[in-house]
Amino acid sequence: MERLTLPARADWREHVEHDLGFVFHTIGGEPYWDETACYRFSVAQIDELEAATGEIEQLCLDLVDEVVRKGAYEALRIPANACAAIERSWNAGDKNLYGRFDFRYDGTSPPKLLEYNADTPTALFEASVVQWDWLEAHWPKRDQFNSLHEKLIEAWRHFGLAGATVYFAAVKGHLEDGGTVDYMRDTAVQAGLATARIDIEDIGWNGQRFVDLEARPIEVLFKLYPWEWAISEAFGQHFLAGTARIIEPAWKMVLSNKAALALLWERAAGHPNLLATSFSPDSIDGAMVRKPIFSREGANLTVVERGEVTHQTDGKYGAEGFVYQSYVPLPAFDGRYPVIGSWVVASQPAGIGIREDATPITRDSSRFVPHFFE
Amino acid sequence: MRKSTAIRLVLLGSASLALAACDDSRVPTDAKFFGSLSECKTAFDDATCESKFKEADQARVDQGPRFTRKEECESRYGAGNCETRTDTSSGGSFFLPLMAGYMMGNLLGNRAQGYPVYRDRDGGAVAQTTARSGAGSNASLHRVGNFGNATASAGAFRPAPVAQIGQVERGGLGSSARSYSSAGS
Numbered sequence: 001m002e003r004l005t006l007p008a009r010a011d012w013r014e015h016v017e018h019d020l021g022f023v024f025h026t027i028g029g030e031p032y033w034d035e036t037a038c039y040r041f042s043v044a045q046i047d048e049l050e051a052a053t054g055e056i057e058q059l060c061l062d063l064v065d066e067v068v069r070k071g072a073y074e075a076l077r078i079p080a081n082a083c084a085a086i087e088r089s090w091n092a093g094d095k096n097l098y099g100r101f102d103f104r105y106d107g108t109s110p111p112k113l114l115e116y117n118a119d120t121p122t123a124l125f126e127a128s129v130v131q132w133d134w135l136e137a138h139w140p141k142r143d144q145f146n147s148l149h150e151k152l153i154e155a156w157r158h159f160g161l162a163g164a165t166v167y168f169a170a171v172k173g174h175l176e177d178g179g180t181v182d183y184m185r186d187t188a189v190q191a192g193l194a195t196a197r198i199d200i201e202d203i204g205w206n207g208q209r210f211v212d213l214e215a216r217p218i219e220v221l222f223k224l225y226p227w228e229w230a231i232s233e234a235f236g237q238h239f240l241a242g243t244a245r246i247i248e249p250a251w252k253m254v255l256s257n258k259a260a261l262a263l264l265w266e267r268a269a270g271h272p273n274l275l276a277t278s279f280s281p282d283s284i285d286g287a288m289v290r291k292p293i294f295s296r297e298g299a300n301l302t303v304v305e306r307g308e309v310t311h312q313t314d315g316k317y318g319a320e321g322f323v324y325q326s327y328v329p330l331p332a333f334d335g336r337y338p339v340i341g342s343w344v345v346a347s348q349p350a351g352i353g354i355r356e357d358a359t360p361i362t363r364d365s366s367r368f369v370p371h372f373f374e
Numbered sequence: 375m376r377k378s379t380a381i382r383l384v385l386l387g388s389a390s391l392a393l394a395a396c397d398d399s400r401v402p403t404d405a406k407f408f409g410s411l412s413e414c415k416t417a418f419d420d421a422t423c424e425s426k427f428k429e430a431d432q433a434r435v436d437q438g439p440r441f442t443r444k445e446e447c448e449s450r451y452g453a454g455n456c457e458t459r460t461d462t463s464s465g466g467s468f469f470l471p472l473m474a475g476y477m478m479g480n481l482l483g484n485r486a487q488g489y490p491v492y493r494d495r496d497g498g499a500v501a502q503t504t505a506r507s508g509a510g511s512n513a514s515l516h517r518v519g520n521f522g523n524a525t526a527s528a529g530a531f532r533p534a535p536v537a538q539i540g541q542v543e544r545g546g547l548g549s550s551a552r553s554y555s556s557a558g559s
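So the protein lines, in turn, are chains L and A.
Each residue of the first sequence is one higher than the last, beginning at 1 in my numbering.
Each residue of the second sequence is one higher than the last, beginning at 375 in my numbering.
Hints are supplied without guarantee of correctness; some may be wrong.
[Unchecked claim] In silico DSS-like links for lysine-lysine, alpha-carbon gap of 25 Å or less:
{"#": "1", "chain 1": "A", "residue 1": "Lys406", "chain 2": "A", "residue 2": "Lys428"}
{"#": "2", "chain 1": "A", "residue 1": "Lys428", "chain 2": "L", "residue 2": "Lys172"}
{"#": "3", "chain 1": "A", "residue 1": "Lys444", "chain 2": "L", "residue 2": "Lys172"}
{"#": "4", "chain 1": "L", "residue 1": "Lys95", "chain 2": "L", "residue 2": "Lys70"}
[Unchecked claim] Chain A stretches covered by chain L per the calculated footprint, using a threshold of three residues with CB under 8 Å from any CB of chain L:
{"#": "5", "segment": "375-383"}
{"#": "6", "segment": "405-418"}
{"#": "7", "segment": "546-553"}
[To be verified] Computed far set for chain L versus chain A, every beta-carbon distance over 12 Å:
{"#": "8", "residue": "Lys70"}
{"#": "9", "residue": "Lys151"}
{"#": "10", "residue": "Leu330"}
These are computed hints drawn from the structure, not numbers from a lab.
In this text, a Cβ means the ideal position worked out from N, Cα and C, and glycines have one as well.
Whole structure, please, built from the sequences with the hints as guidance.
Structure below.
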């Protein structure tokens, strides 16, 4: 696994904006998409990442099944009012579309699961389209672990949604979230589905079902909006009642929080792709990181090494409690610390995207960097 | 190979509706397409979206394509994409295509206009503009792009349901987003 540097394509900004519709390559004036560097993997390394992703996804699905069968929602800090919806959606076989595992990987030791973004993963468009387009421009004959686009279209075809209009919703005015959802919609259109676009805040309730701004019913909703936020808000009960089909489905709530990492460790302690994780710091030997059960983008993390806090990030999360995970520092490549975002589409490994930061903790200021393998 | 063989985008980037200028009543080069009012409101203010939507719909009813028989309309615009109306002056009924969306053009300044867009039977996007001439105004249709592989009814504007159950509540989602930077991770 190597990090290489190379010049960015001339006029790359105009190209990605105009030809791909990728408008959030720069965020708050700082580079986000960075094509002055890329990672090179070997076939064996990609095989290893792919195998680890497939195995962990299966462990996760087994975990959901066990949690639902036993009704063991409390350990996951899932509010009591959500349990019936989770059970119903799992037993009905409500399909999941996608998710992104974050792995620590250095090319030599086995990939280690840091966390699973099971409900609202982003960096999708970058991984699926932008890095693919970059490779086509430089080395069309080289390979990349990325068949996201084709797998997404294929997955939509098997969702059993023909005849319904799928609404795509993101938070108003958010360029990256909006762009991600616009891309998701593109793949659904290509699968032959009827689609529409609406801001989360504009979703209405007419007493019987969700409706759009023209009072038309919303029967299927793809939301880039966390379940745990939705169910804490005024329309939360309607989300849970199942009047609309929601993607990702309710049962994803079992996996979309870090308590699930502790449960995975309980079920499969010692698995080569898992890091020891527990609800108690006393169960973790050596350096550990404390993570809020609900948090995003590296917020509210505390790293403790040899009894001292060595890294800390701030944020607003932590009200629901924490898990403690073995801390293995991210590997450094030219002073950058990469995290491998490994995607599943319809529970199958679909490709990877890499985000790297100038510090060992990945934040929302990380840069997305392309890759290839040979 | 473990990468996608080919990638095509139908809504994003330059793959989205390309504009073709063909005559005086051409679609303005700055025209943007919206598949619905909701979609327009993700990009522009509510008042502009609503008034241009109304303008587009009015142009559709007053000056758009009319057919005596449903089959004629559907043979052009696809099954399920036509509705019937009554002509206010003659009292006769006719068939016309539903809007698959609308375009707003001349966005700078106060001359913004709304144009209805239809989806034809082959998935083509057809915009209707109005040319003003000495004799009055004439509507003309311009093929401006493709809706891609979506099914025949994808994107067709359906009139709001006649029976509504009570009032529509809004504002029941989104408050958490104000406290955090992103809904995704």
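Are there three or more residues in the segment 375-383 of chain A whose C-beta lies within less than 8 Å of some C-beta in chain L? It holds: at least three residues are needed, and the segment 375-383 of chain A offers 8 whose Cβ sits within less than 8 Å of chain L.
Over 12 Å from every CB of chain A: does Lys151/L meet that, or does the non-interface label fail? About 8 Å separates Lys151/L from the closest Cβ of chain A, which leaves it inside 12 Å; violated.
Within the assertion that chain L covers the segment 546-553 of chain A, do at least three residues meet a Cβ-to-Cβ distance smaller than 8 Å? holds (count 7)
When you check the alpha-carbon spacing of Lys444/A and Lys172/L, does it fall within 25 Å? Distance ~40 Å between Lys444/A and Lys172/L Cα, so the pair is violated.
Cut-off 8 Å, C-beta pairs, minimum 3 residues; does the coverage of the segment 405-418 of chain A by chain L stand? Result for this restraint: holds, n = 7.
When you check the alpha-carbon spacing of Lys428/A and Lys172/L, does it fall within 25 Å? 23 Å, holds
Between Lys95/L and Lys70/L, does the CA-CA distance stay at or below 25 Å? It holds: about 21 Å lies between the C-alpha atoms, which stays within 25 Å.
Just to be careful, I want the Cα atoms of Lys406/A and Lys428/A compared with a cutoff of 25 Å; is the pair within it? 16 Å, holds
Please verify that the nearest CB of chain A lies beyond 12 Å from Lys70/L's CB. 27 Å, holds
Is Leu330/L truly not at the interface, in the sense that its beta carbon sits beyond 12 Å from all beta carbons of chain A? 17 Å, holds
Of the numbered hints listed earlier, those contradicted by the structure are 3, 9.
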